[in-house]
Amino acid sequence: MRARAARAPRSTTDGAVVSALSAARSEGSTRRRIGVMGGTFDPIHHGHLVAASEVQRVFDLDEVVFVPTGQPWHKTPVSESEHRYLMTVIATASNPRFTTSRVDIDRGGVTYTVDTLRDLAAQHPDADLFFISGADAIAQIITWKDLDELWALAHFVAVTRPGHQLSVTGLPQGDVSVLEVPALAISSTDCRARVRHGAPVWYLVPDGVVQYISKHRLYRSEA
2 MRARAARAPR STTDGAVVSA LSAARSEGST RRRIGVMGGT FDPIHHGHLV AASEVQRVFD
62 LDEVVFVPTG QPWHKTPVSE SEHRYLMTVI ATASNPRFTT SRVDIDRGGV TYTVDTLRDL
122 AAQHPDADLF FISGADAIAQ IITWKDLDEL WALAHFVAVT RPGHQLSVTG LPQGDVSVLE
182 VPALAISSTD CRARVRHGAP VWYLVPDGVV QYISKHRLYR SEA
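Those letters in the sequence shown? Residues 2 to 224, by the working numbering.
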């Protein structure tokens with residue numbers, strides 16, 4: 002059994018409080034801290050990047066791994082996985098603490114969070130994992146596959162918009178932290194709609210992603 006991540010408060014929306022209580026590593030510990038940012042990234046936008054950067058700062062993470070889903074179990078059809086992967090690589094390239102993983106894409110089949118975390122735990126046996134996701138998704142975590150194993154694999158960080166309240170009723174005490182991130186007002190759905198209607202997405206997504214979307218004519222129509 003892997004060592005569990007150092008625990009943050011059960012829930013909080015004050016980043017400074019989370020930082021003070023969770024950033025300190027156990028004395029003498031050599032274990033790394035790795036954030037896992039899962040999502041369809043269709044397209045990846047500045048909200049994702051700001052959220053990952055803020056969680057990295059607050060939880061003193063050594064690295065944040067972005068993991069584009071292969072075939073999501075809970076969403077309607079998404080863009081080709083290679084497009085989403087390459088946009089994620091482009092968007093994260095300038096931050097030395099950000100990397101992009103193909104584990105979900107290369108595994109094939111439907112993507113489940115537990116499989117993502119199993120694969121990354123096997124790749125990084127010397128690390129504690131912090132799974133980063135939107136508060137709306139975390140609120141539905143009790144419906145996820147192999148729920149009990151999830152708590153053993155990672156600490157969960159729910160990022161939320163200011164003013165959004167996440168109920169942690171029914172979730173294990175100490176396994177979920179909540180962090181407000183203002184930039185989460187941006188959504189991939191809105192970005193796709195803007196492209197479809199000919200509106201610009203500059204400053205909503207990274208410049209390189211804007212150019213990639215244009216070059217490959219993504220989101221021009223929706224099935």
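In short, the hints are calculated from the structure, not lab data. All figures in this text were calculated on a predicted structure; none of them were measured in a lab. Wrong hints could be hidden among the right ones.
What the hints assert, rightly or not - Label-pair distances were calculated between CB atoms; the ranges are: (1) R197 - S95: 25 to 33 Å; (2) K146 - R221: 15 to 23 Å; (3) E150 - H75: 17 to 25 Å; (4) E150 - R103: 32 to 40 Å; (5) D107 - K146: 13 to 21 Å; (6) D107 - L148: 37 to 45 Å; (7) R195 - V115: 14 to 22 Å; (8) A123 - Q72: 16 to 24 Å; (9) G175 - S215: 20 to 28 Å.
We put the CB at the ideal spot given by N, CA and C, even for glycine.
Status of the hints after comparison with the structure:
A hinted range of 25 to 33 Å for the beta carbons of R197 and S95 is consistent with their spacing of about 28 Å. The beta-carbon spacing between K146 and R221, approximately 34 Å, falls outside the hinted interval of 15 to 23 Å. In this structure the hint that E150 and H75 lie 17 to 25 Å apart at CB holds, the actual value being about 18 Å. At about 22 Å, the beta-carbon gap between E150 and R103 misses the expected band of 32 to 40 Å.
The supplied range of 13 to 21 Å is met by D107 and K146, whose beta-carbon atoms lie about 19 Å from each other. Between D107 and L148 the CB atoms are about 25 Å apart, so this pair departs from the stated range of 37 to 45 Å. Look at R195 against V115: about 34 Å separates their beta carbons, and that is not inside 14 to 22 Å. In this structure, A123 and Q72 meet the distance hint of 16 to 24 Å, their C-beta atoms being roughly 21 Å apart.
G175 and S215 have their C-beta atoms about 45 Å apart, which leaves the hinted 20 to 28 Å range violated.
Figure legend: structure checked against the earlier numbered hints; hints not met, in rising order: 2, 4, 6, 7 and 9.
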